[in-house]
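There are 4 protein chains.
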Amino acid sequence: VIRIKNHMAIPELSHVDLTPAEAANVTEVIEKTPAAVLGSRLFQPEDTIIELPHSIIGGKGHFTMMAGPCSVESEAHLRKMAKVAREGGATILRGGAYKPRTSPYSFQGLGEAGLKYLREAADENGMDVITEVMDEDHVDLIAKYTDVFQIGARNMQNFSLLKAVGKTRVPVALKRGMAGSIDDLLNASEYIAAGGNHQIMLLERGVRTFDNKYTRNTFDLAAVPVLQKLTHYPVIVDPSHAVGVWDLVTPMAHAGVASGASGMIVEIHDDPEHAFSDGPQALKPDTYKKMTKEVFEMRRLMDSWEA
Amino acid sequence: VIRIKNHMAIPELSHVDLTPAEAANVTEVIEKTPAAVLGSRLFQPEDTIIELPHSIIGGKGHFTMMAGPCSVESEAHLRKMAKVAREGGATILRGGAYKPRTSPYSFQGLGEAGLKYLREAADENGMDVITEVMDEDHVDLIAKYTDVFQIGARNMQNFSLLKAVGKTRVPVALKRGMAGSIDDLLNASEYIAAGGNHQIMLLERGVRTFDNKYTRNTFDLAAVPVLQKLTHYPVIVDPSHAVGVWDLVTPMAHAGVASGASGMIVEIHDDPEHAFSDGPQALKPDTYKKMTKEVFEMRRLMDSWEA
Amino acid sequence: VIRIKNHMAIPELSHVDLTPAEAANVTEVIEKTPAAVLGSRLFQPEDTIIELPHSIIGGKGHFTMMAGPCSVESEAHLRKMAKVAREGGATILRGGAYKPRTSPYSFQGLGEAGLKYLREAADENGMDVITEVMDEDHVDLIAKYTDVFQIGARNMQNFSLLKAVGKTRVPVALKRGMAGSIDDLLNASEYIAAGGNHQIMLLERGVRTFDNKYTRNTFDLAAVPVLQKLTHYPVIVDPSHAVGVWDLVTPMAHAGVASGASGMIVEIHDDPEHAFSDGPQALKPDTYKKMTKEVFEMRRLMDSWEA
Amino acid sequence: VIRIKNHMAIPELSHVDLTPAEAANVTEVIEKTPAAVLGSRLFQPEDTIIELPHSIIGGKGHFTMMAGPCSVESEAHLRKMAKVAREGGATILRGGAYKPRTSPYSFQGLGEAGLKYLREAADENGMDVITEVMDEDHVDLIAKYTDVFQIGARNMQNFSLLKAVGKTRVPVALKRGMAGSIDDLLNASEYIAAGGNHQIMLLERGVRTFDNKYTRNTFDLAAVPVLQKLTHYPVIVDPSHAVGVWDLVTPMAHAGVASGASGMIVEIHDDPEHAFSDGPQALKPDTYKKMTKEVFEMRRLMDSWEA
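Residue numbers (the working numbering), protein chains in the order written: chain A, 1 to 307; chain B, 1001 to 1307; chain C, 2001 to 2307; chain D, 3001 to 3307.
Bound-form chain A, shown alone:
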């Protein structure tokens, strides 16, 4: 039995023995519900809005920029990047302290030191922090430093991890997996919500298709309005991982805001060739600031249509 605001959802009612008194209180039986009831607009038509000290994510009139380097590389470098991120209008600082790398021989992140640098650089610039959690044993530690947990694409269906962050009250940004269908993503988010944590945002970051010569993934921007029809959670786009090549990031950032997303997360670096990870997709500071200026202008234009 699942309580959703003033509704109570009972998956597979036929399997449940209701007492006569309970049965009398059933006012409506919705035969066809989505599996992910807590995330469904059917039960909660109004948008979920996530409020952080420096940012509001979701709802009308807000567009949230999140930016930072792929990996936290050093305290000094992160401070520099946080300043750039903030100057471009970002209110959330991203950076990986624990990195999910394809090969075990690649740089795996600075760990707790990286978390400290993130917190400090964010505080210094009046920003919130988003950082990835890969391991349920790190949940408590990372919760001490971050404002938002990021669950990476490779862990979209790591159900143990989803349950672990679902027990916290820290907002979660859940990335769509490389082969994750829309329904898979919603069901994965339901693992978090079922634990009592309803502060969820969903990230589109490209899916894996047959065409990966010129882009790392295929950016599925139609997922933005599709998800917005089905769920009340904010939808965020990640053009950096979607394309994997810096000079495609700006047009895809434009397309991303135009698709109606509630926010964007991008990777920046002042010296991409020497970045510890994902250098080829990082925007340099000037390119980043031009891009965000344009993205905010586009969002304002779109706001004018809805007014």
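Don't read these hints as lab results, they were simulated from the structure. A quick note: this is a predicted structure, and the numbers were derived from the prediction, not measured.
With a Cα cut of at most 20 Å, we get these calculated EDC-like pairs of lysine to aspartate or glutamate:
(1) C:Lys2290 / D:Asp3303
(2) C:Lys2293 / D:Glu3306
(3) D:Lys3293 / C:Glu2306
(4) A:Lys167 / A:Glu51
Starting from the structure of chain A, add chains B, C and D where the hints point.
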């Protein structure tokens, strides 16, 4: 040997016996050329611009709207739809007279009668015509009525058809196939160009992926800037076929113009439920006009950044 | 209205005005029929068996081997390859006289001369011929030389071509497109059948997926039993194009016969490095003969289970 | 620096400062190594063979059958199924005690009780146990009961979990993810090997593609010989999850053994309609026993070719 403006490209030079005089005239050997040399920016850096009586496609400062019903249904209906299309800013009227339908038992189009209605309705409204050619034996007939040949996604690698339209001097809009890679699309366009027809535009209309529950295809908008880097041909987006559901067309039209495309083709219908084909993806007149107004505003905003 | 043996299928009965007399003769209304009724097991439970002078395709107790070079390269070479093909147990000689090449600058085939060489080499070895038709204008010409038309993957939904071969009475081998779903393939075959040509076989040759580093396509062998449930047409596998690398062909040929296919088509060449096309996937004569010996043994073992 | 038998691999040698003495001991620099060096045939040409009390996995002359219900449902049911599995020639009993379910509201497994039933049922029938671990915190607990850890497709790139099982000396069966490329799978296995656990087998269970109407996934059998070229680890096929429909399992089991795999894992159930999970793909006992008899016969035929 391929002549490209003031260049001459010799694929696989090692296979060619040059006379000493010829060899002496080789000024540069580019070892790594793309297979599709005629379409490559390497040999022609400037944009191909296609000029029609009422439209300019490609280059800076132009955004071309193409609209109309999926199928030509009747003379009266088409005239009505052409008027709507024009009111929304379209300068090219689309409509299928020969329809590529998955099943042989579905409506196959009105044939030459449909072509006549297209021509008349376009002329009446000061518009150009785009219509699909599926059959090399129809090339001459259709050329009498249309301003642009459309080659459908299912025929992207119908090389006999590509050669046939390559022999004409009618502009060709080549749609990317459902499993067409970027390179496949460029090589397919080269079949047209190799025949001497360089008036080519490329259409992104979604590719087939694992996720087709909520959208018909996956709209690959990163293909727009990718193609623009590789080729000088204009790139057009088709949000209607990409998503297949009308209420996703507007956000994807926004995303499409934001991606930097040179134009857009959309399907409209005043009574989608009774459309002869693809009703679910057709925009009603009012939705269409709101969408195009917004798309043109977005394009103007983007133009202001480049000025 | 479609006549199938002693059935008559009326797609979308609700759209048909039957006279009272006609309505009285309707003995059964099957609400849910597949779109491709002529190919469906629902209306024809027994296997389609295609009988050629030297080969029987389909039904129990037959496994048909088809082999030959990718392209017809010369008269002498083809005679040599035909002899090898026959020694390995093939009764159908394959070879391309008209080649669908990704690039217009690649070898496009010998044309009618190639057809003559095919017919002669086949006759000399007591074999039938299969060769690709890419162009509806070639249908009559090719029909003079071949026993089976092959429709390539890129033309699976070239509906004009399908209609053209549907008007002949020459058997057709229809290849599944790179993004062709099972339903697409059945609907495409229906275009041929609707023209009155019921001598159809379906070829699985791999589909396009995200993983194409080590194989050209992904060989979808489950399509064999899936198609055998849905349709009465024989299903043939093409391991050469599925994998694109010769040393994977033998294990995939084993897997192909084990999946229950009615036959197999493979590419052979005595000097793959100098083949005009697709050399990397060609089997050398000795490898080919070892493979076919094993494939026939496997088929005999499987026959023993059904006896 | 990675030690592999008598080799030492130094990824990215240019990044390493060797002392002159060390440099003098470098006997060979292999410029192009795969990222997953420990699993590569380049450094270990001979097959990895995993020896369990009742089973040998890998190498020539062994084909290992693994069977059991999808979920452990009850002690009595499991004992019944274990007996059936053993009668069909399986020497490893499968069964899920912790289940990775798409929805949080689906049955999640019996937990430790399920593990006990598995151990007892296996011991009673002279079998080994394979069961899934989803959570690094369960590694020690499950190690007490199982002979082989299974890592599910959704956790293929759950690097924390891979590291955790890499620290044990319990053999690991790593399933390919739904969008896992061959290289991704090898790199994931390297996370286990880098921890010192070299007892690894790789499972092909189908990948996600555009065609999922008639099968759950697309069974990529070419992955078997591809992996066998690249790595020394045994490759196992899982036809049940690949197709998801019981009547396709037998032909795909035939194709699986024919592809050259070292073993197979299948799901069985005596009452599939009431199975707690994945009933539609379970084989009933008689179908299972006929299938395994045929699979072993096919394997013996193949052994005769290599003798």
